[in-house]
Each structure stands twice: as structure tokens, then as C-alpha cells.
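Q: Using the sequences and the hints given, assemble the complete structure.
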Amino acid sequence: DTEVTQTPKHLVMGMTNKKSLKCEQHMGHRAMYWYKQKAKKPPELMFVYSYEKLSINESVPSRFSPECPNSSLLNLHLHALQPEDSALYLCASSQEPAGVTDTQYFGPGTRLTVL
Amino acid sequence: AQSVTQPDIHITVSEGASLELRCNYSYGATPYLFWYVQSPGQGLQLLLKYFSGDTLVQGIKGFEAEFKRSQSSFNLRKPSVHWSDAAEYFCAVGSSSANAGKSTFGDGTTLTVKP
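As they're listed, the protein sequences go chains G and V.
Throughout the first sequence, residue numbering follows our numbering, covering 1 to 115 in sequence.
Throughout the second sequence, residue numbering follows our numbering, covering 1 to 115 in sequence.
Certain hints may be false.
[Stated by the list, open to error] Which bits of chain G does chain V cover? Going by a derived footprint, with three or more residues having C-beta under 8 Å, they are:
1) 40–47
2) 50–62
[Claimed, not checked] The calculated DSSO-like cross-link candidates involving lysine-lysine, where the alpha carbons are at most 27 Å apart (straight line), are:
3) 9(G) to 102(V)
4) 40(G) to 22(G)
5) 22(G) to 36(G)
6) 53(G) to 18(G)
7) 9(G) to 36(G)
8) 19(G) to 40(G)
9) 40(G) to 114(V)
10) 41(G) to 68(V)
11) 102(V) to 22(G)
12) 102(V) to 38(G)
These are computed hints drawn from the structure, not numbers from a lab.
The beta-carbon is built from N, C-alpha and C at its ideal position, and this holds for glycine as well.
A: As C-alpha cells, this is what we get:
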């Protein structure tokens, strides 16, 4: 099973709202990722968790706050977003964050619209 | 620094025709290479990967890719395209221990299939 699940599938929020995106995998992977993807563009890396510790933050604005409660779960907390943050947010996981075991498996994504 | 170039932004082929999508990479050592496919509004699905060994790798959905070190290429092929293959295709180079977690994606190639 190489499934990564993400909820919700779609999210519409105002600029003053607080919401969270959720990602889950049960493959025993120890690296989990958040990507942001705009239409017709490749995914842009936002955060990487390795062994439940934040290992990479690609200078993401603080209105995005990641959390890794356990090895299977990854959340992305959203607060005071801007309309330009509207995008497809993808979660991925891999066995390890580097080398031959860095085959990333992606979830279906959350389509976020900020009004 | 590693990089990936997909020279073709958009390719149109007739159903039943053969397909080749180009990917060129820049990497200091033996790269870990991936092809992903993304249907509209969906996540990325792994088609195939190359780590070492046989330079011709087989993937899902009838796709294959050939690693050519001398040309720094990893082109994706399919002998007979189906209408359901219409999608966005991304080539990617996996991370190394030096930049763990940071895969590099090409800009993608949009495939249109004519009936």
C-alpha cells in the first residue's frame, strides 16, 4: 500500500480564518513533506519532517505552521492567509529523506481557495 | 546544484501514436531519477524510478524510461498512447545526503492526446 491521504479535498477560507490541512500515511515512512503547487507549475517544497522533527523550512511565511504529531500524521495550520496563497497543497512521504529510499509518494492534495 | 530541464512545455500526439517526453538533468554523481504523472486537480503519481543497474526501467501504465549518462537524459516513452494518458508529466531528481529532502522537479510537460 503506497497511499497518502489528505483532508479536506477542498477548502475555502477567508483571510481571517484559521484552518488546518491533514495528511496521513501508514507505510512506516519517516520523512513527510508539504508542497505548494500553482497551476501548470511544479510542486514547491515548503517543509520537510524527518523522524518527526522539522528538518527543512523553505522560508515559508509564518502564517503557515506545520505540525507532526506522530510518525503517521502531518498537519499544516493556516492563519491569516492571503489570496495569493490559493493553490493545491500536496503532502508526500518517503521512507527516508535522502538517497535510494527517497521515493516520494504523494497524496491527492487539498485545493485551497483564500477569499 | 542539481537541476532538471524538460525542454517540451506542451506535446500533442494522436491516440495510438508513440510518445517520448524528454528530461535532462544536471547532477554531480549518479542521480536518482523519477517520472511522475499528474491529472488535473490530482496529486502526483509515481510512474517509474531509476537508482542503478539496468538503464531501461519499466513503469506502470505501459511507460518506460531510459537513463543515458553520456547525454544526462532520462526520457520517458510509451509505444502507444491512450486518451487517458493526457496529463502533466514531471521529471525529478531525488535528493542526496547533502541536500536531504530537496528533490528537484522539472517544469513539467503537458500531454494532449488527439482522438
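Q: Would you check the hint for residue 22(G) and residue 36(G), treating anything up to 27 Å between C-alpha atoms as holding?
A: 14 Å, holds
Q: Within 27 Å, alpha carbon to alpha carbon, are residue 19(G) and residue 40(G)?
A: Roughly 26 Å separates the two Cα atoms, so the pair holds.
Q: With the threshold set at 27 Å, check whether the alpha-carbon distance from residue 102(V) to residue 38(G) stays at or below it.
A: Holds: residue 102(V) and residue 38(G) sit about 18 Å apart, inside 27 Å.
Q: CA of residue 9(G) to CA of residue 102(V), is that 27 Å or under?
A: Holds, at roughly 25 Å.
Q: CA of residue 53(G) to CA of residue 18(G), is that 27 Å or under?
A: Holds: residue 53(G) and residue 18(G) sit about 23 Å apart, inside 27 Å.
Q: Starting from residue 40(G), check that the Cα of residue 114(V) is at most 27 Å away, please.
A: 20 Å, holds
Q: Report holds or violated for chain V covering the stretch 40–47 of chain G, Cβ cut-off 8 Å, minimum 3 residues.
A: holds (count 5)
Q: Can the restraint linking residue 40(G) and residue 22(G) be considered satisfied, given a maximum Cα separation of 27 Å?
A: Between residue 40(G) and residue 22(G) the Cα gap is close to 24 Å, so the pair holds against 27 Å.
Q: Taking only the CA atoms, is the gap from residue 9(G) to residue 36(G) under or equal to 27 Å?
A: Distance ~14 Å between residue 9(G) and residue 36(G) Cα, so the pair holds.
Q: Run the distance test for residue 41(G) versus residue 68(V): straight-line Cα separation, threshold 27 Å.
A: 26 Å, holds
Q: Taking beta carbons only, do three or more residues of the stretch 50–62 of chain G come closer than 8 Å to chain V?
A: Our answer is that it holds, as 3 residues pass the Cβ test (under 8 Å) against chain V, meeting three.
Q: Keeping to a limit of 27 Å between CA atoms, is the pair of residue 102(V) and residue 22(G) held or broken?
A: 21 Å, holds
The structure agrees with every numbered hint stated previously.
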